[in-house]
Amino acid sequence: MSVRTLPLLFLNLGGEMLYILDQRLRAQNIPGDKARRDEWTEVDRKRVLHDIVLTMFNKSFIEELLKPQELYSKKALRTIYDRLAHASIMRLNQASMDKLYDLMTMALKYQVLLCPRPKDVLLVTYNHLDAIKGLIHDNPPLLHLVDETFRQLIEVYGCLSAGEFQLIRQTLLTFFQDLHIRVSIFLKDKVQNSNGRFVLPVTGPVPWGTEVPGLIRMFNSKGEEVRRVKFPHGGNYVIAPKEGSFEVYGDRVLKLGTNMYSVNRPMETHTSGTSKNLASQTQQSIAPNPLAKEELNFLARLMGGMEITKPSGSEPGFRLNLFTTDEEEEQAALTRPEELSHEVVNIQATQDQQRNQELARIMGEFEVKDQPRWSASKGDDLLAMMDEL
Amino acid sequence: MFRRERSIPLRGSAAALGNNLCVLHLPVCNLTHFGVVHGPSAQLLSVAPEGVPLAQRQLHAKEGPGLSSPLITQVHWCALPFRVLLVLTSHRGIQMYESDGSVMVYWHALDSRDASPDSTQAVFARGIASCGHFICVGMWSGRVLVFDIPLKGPNIVLSEELAAHPASVTDIASEPAQEPDCMADVVTADDSGLLCVWWSGPEFKLLTRIPGFGVPCNSVQLWKGIVAAGYGNGQVRLYEASTGALHVQINAHARAVCALDLAPGVGKLLSAAEDTFVHIWKLSKSRWSTVMGSVCLTPSCVVPGSVTRPAAPLL
Chain X
1 MSVRTLPLLF LNLGGEMLYI LDQRLRAQNI PGDKARRDEW TEVDRKRVLH DIVLTMFNKS
61 FIEELLKPQE LYSKKALRTI YDRLAHASIM RLNQASMDKL YDLMTMALKY QVLLCPRPKD
121 VLLVTYNHLD AIKGLIHDNP PLLHLVDETF RQLIEVYGCL SAGEFQLIRQ TLLTFFQDLH
181 IRVSIFLKDK VQNSNGRFVL PVTGPVPWGT EVPGLIRMFN SKGEEVRRVK FPHGGNYVIA
241 PKEGSFEVYG DRVLKLGTNM YSVNRPMETH TSGTSKNLAS QTQQSIAPNP LAKEELNFLA
301 RLMGGMEITK PSGSEPGFRL NLFTTDEEEE QAALTRPEEL SHEVVNIQAT QDQQRNQELA
361 RIMGEFEVKD QPRWSASKGD DLLAMMDEL
Chain F
1 MFRRERSIPL RGSAAALGNN LCVLHLPVCN LTHFGVVHGP SAQLLSVAPE GVPLAQRQLH
61 AKEGPGLSSP LITQVHWCAL PFRVLLVLTS HRGIQMYESD GSVMVYWHAL DSRDASPDST
121 QAVFARGIAS CGHFICVGMW SGRVLVFDIP LKGPNIVLSE ELAAHPASVT DIASEPAQEP
181 DCMADVVTAD DSGLLCVWWS GPEFKLLTRI PGFGVPCNSV QLWKGIVAAG YGNGQVRLYE
241 ASTGALHVQI NAHARAVCAL DLAPGVGKLL SAAEDTFVHI WKLSKSRWST VMGSVCLTPS
301 CVVPGSVTRP AAPLL
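Chains as they are written, first to last, in the UniProt record's numbering: chain X, 1 to 389; chain F, 1 to 315.
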């Protein structure tokens, strides 16, 4: 639908990912002097977050992202976050990665659904970026990268009309359609029902630019108001106090998109008992996509800007568990339906010599970059993805 | 008054689009058809009296060049004097079917070359209405395509392109019953809130332009020379179609209005919005609107809204 949706989707989901990882890393934090070699310290936590932010806001990646383009499929987007989550020394197994992605998507779905007006999706994005800046405040070059992205977003989205924002919001909601994973925080706060649907409040401030419902005004043919009638609306609304700021710095007013994870809040998701939803999801994910090769081309171009650091031989990857215990994570991995496997993109495609050459050329371009760190590994990963071609 | 009828479950969820529920009532065979857009498919459901579901069918948007499966923007039954056609608009084009959706009789592909040179705009068709032997369909560019429909068969011809909107068309409505002193036949609305009122004929003629105020007009209806418009800021406004004069402004909803529908025989207007409320308004030409009733649905659902028969609005 709208060709301006991908940057907002990517940055907001990335922001949620950072909130969750930050919370989990803090929860598993061990004081530096007491930590064993494989335990997380404050230094490790900062390093992980900084590495991910550096990859996420890479200049050429953001440039590619901001080009007008259709939204990718759910599978393709999941691939990007798999790569992003592993852009540092941190390692997540599939069960934890699934849980992370579920939390990210449901949080963003909630935020987009509850946005008072479509343009407020931009305020949600800016809330995420403000919080990301807070996470990396002691790293001036990174701060500069994020600010640069801020300015580019303002340039692209500053002149869009209300109608275009409405289309962007509809596109986002279509992307999240039929996702009803229950999230503990939402269930506890009663913003989500036990059937996974979100509760839409009928109280609170109306959106900026909307008047409180309940008034009928009548005019004569000269345009003069001749009568006013009030009617009971049913909700309990008040006028909006002020508009959120759309500048690089400012009070956003809106709370959606701020960090809802404190140290003690649980982040369980409930996937059991939602077999019907799983069925509809799997139907979508395993159907062969005739445009898959086209999408891979776009994906390759986009990820060409993503610079991934591979840990050197002497440094172990640190494993992060999104569950409370290792046993829980193992259990989740065992009960995870096969169809939800996102590790290998199964593409049923006909042999196409020309297309293969084109893809090989793009892969070749990845290895011409100056940074020596990510040559073979990234190409290998992309090859693994295209095994089925 | 009105009464709530039995709820009818659909096979899949409704997409978060405006004007996303269409109803065709067939009194002769006592059947009602419902059409809802799910995403890349539209669901059609036939229902007997007392809400007993009889048959379901899914229609898909025709594939074309592009990265992903095309999404449908709207599905609408066009009841012409001599035949009923089911029209589906998507990001690829316009599909027209016989009324039960069994046979496609016409396909019009959108020309992506018409899009802006730097392709910063999405390409789609949206907004469907019939008037006489014409079917009007709106476009992302603001143009309105007018198709001439024959008595039967697939020989449908694009007869005219109307260019009056600077922004994407959101909705189109036609006058349900011709008034003797009323010239307005069709009203078109767009993302900027602009409304255009037309007289239909071999060549459509623009009668009135009603300017917007910076907010999209998501849904529009026409009744006895009155234009009813629902806006993105929750307002419903009633204008005189011939002059464009504003008669009534209602602060109706706390969120964007996503659909309006009309029971023309009794002058009742239904407005549905994202604040989960559905309001029913009584219109009369001499005295303006009073709320007859409002209903809050379970707060987690959003209803597009449609009026089937004057005595039984669908909730």
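It is worth saying that the hints were derived from the structure and are not from the lab. All figures in this text were calculated on a predicted structure; none of them were measured in a lab. Warning: the hint list may mix true and false statements.
Claimed, not checked - Here are the computed distance ranges between Cβ atoms for each label pair:
#1 F:Lys205 to X:Ser221: 20 to 30 Å
#2 F:His133 to X:Glu225: 36 to 46 Å
#3 X:Leu187 to F:Ala79: 37 to 47 Å
#4 F:Arg83 to X:Asn93: 55 to 65 Å
#5 X:Lys222 to F:Ala79: 32 to 42 Å
#6 F:Ala109 to X:Gln94: 22 to 32 Å
Ideal placement from N, C-alpha and C gives every residue a C-beta, glycine not left out.
Indices of hints not satisfied (ascending): Structure breaks hint 6 only.
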